[in-house]
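Novice: Here is what each chain is made of, one letter per residue.
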Amino acid sequence: MNKNIKDEFDSLINSQTPDLWERIEMSLPEKTIVSEKTNGEEKKNIAEQISPAIRKSKPVKHRLYRKYAAYGTAGIAACVCITLVALNNSFKKSEENMTANESAAEEILLDDAETEGALDEGGFMMEGESNGAYDGAMEDFADAAEYEKEASGIEAAGEGAAAGTEAAEAPAEEAKYRQDSEDVTDENRKEDLSSGKEDENNQAVQEKKAELLKSGYLVYEDAIIRIESVSETVQEEKNVIIYHVTLLEENVNMDKEIKLDLKTDELFRTKLVEGACYQVTFYDNKMPYDSSVHEYFLLELK
Amino acid sequence: MTDTQFWECMEGMKQGDKNALKAVYEVYMPYLYSYVLQMIKSRENAEDIVSDFFLKLWGLADSYEPKKGHKSWLIQIARNMTIDFIRKHKKEALTDFSAEDSYEEERGYGMAAQAMARDAGEENQEEQIVSRLSFTEALSSLKESEQQIVHLKIAGELTFKEICRILQMPMGTVTWKYQNAIKKLRRCGYYE
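Chains as they are written, first to last, in the working numbering: chain S, 1 to 302; chain E, 1 to 192.
Derived by calculation from the structure, the hints in this document are not laboratory data.
Among the hints, a few may not be true.
Examples of chain S residues lying across from chain E (beta carbon under 7 Å, computed) [said to hold, decoys possible]:
1) 8
2) 27
3) 28
Every residue gets a Cβ at the ideal spot worked out from N, C-alpha and C, and that includes glycine.
The whole structure should be built from the sequences, with the hints applied where relevant.
Specialist: See below:
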């Protein structure tokens, strides 16, 4: 009597399986269903609610625009002038100081002081000099500018808004340039410090290799490793494929791909670190598995 | 069910779609129940564990990320839940001898049949008796670890590598035990 194990398993499983779905479904907690369509409809409804409010306020803003139009026009003109001057200065400085140093930062600071002095002489009101009427005019003007753009298509309103934006961006760019200068200086200092640490690591690696050679192990260096992406929650081993391996004494060109499971007691659940050394166990993919053909290798990741 | 299809079901579960969970339930519930039953030896407890498994899977959908080998992932979860249950109810699992639901009763028949065969002292008689054993009895003649490996390999259709990961055993041990189990099943008249 010859029976197939797989068929017997299937019949056994089907015969003993109860129906648990109703029990499971009753116990399932509800989840809030989030769909794109729902979000789109909500956004549309909110927009419809807002627009009538905007329409109602437009006549009021229109009146305020008429009242403060003179102040707004002067503000736009001043913003444009300041922006042009600041941009011109920043471009000149960036061309002269491509390689960052501390003197460049000092020059930028000096330029800022001159700009502020020019503004003070001109009598133009900046953020530091508060004027309630002017501040309110700027806000109302921004809202009215959008309305005017829709109503009459005046380009000055758009330019004023753009000029205001550019004026805000110019100091930000200067600050960023100042920060970049400092970062490069710091990096130069770090490179000097790290070269000493690399030497120490290389020495430790060489000592480790010497110990393994004395113990009769084969030691490989200059191994090119490509790590396949593997889920860390389920598969804690990392599959590694070696394309080329070089012995210390002679070159060994391994044309075939070898899959390895990196296993060490300490590093079993650790991500692979570039430049580190790992002890590796080779095994044959054939079954049954024979432990006597294993060898241990030390690989340096590149 | 492919990994892509499973991921789509998990995405549906994330959105609260119960039909997505049911799709996974219909595909994997029979095998998972069989596997848990094989470990826990009690139908009532196996039903509880499998029910809790799918409730847990419903919650895990919120944080699930696409990965390869979803089947071994599911089995690993079910196995861990079963082990936790056994540890928690250690005494109850060992002394569950209810007449209607006990899996041990069938195992007892198998052991008795083997004892009779040994007493007979003739190989031919032993082979005849053993060959008439049911599949369940034949499985019960295996060691616990052999039963699990055969179950995962043949019924679960997992690779040896996945089995090694689930059972936390070396590859050589898994394949050696599997070969031994197949030999024993062959004696009972069952072949791969």
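Novice: Each of the hints needs a verdict: does it hold here or not?
Specialist: Going down the list of hints, with the structure as the test:
About 4 Å separates the beta-carbon of residue 8(S) from the nearest beta-carbon of chain E, less than 7 Å, and the hint is met. At about 6 Å, the closest approach between the beta carbon of residue 27(S) and any beta carbon in chain E falls short of 7 Å, and the interface hint on this residue holds. At its closest, the beta carbon of residue 28(S) sits 6 Å from a beta carbon of chain E; the interface hint therefore holds under the 7 Å criterion.
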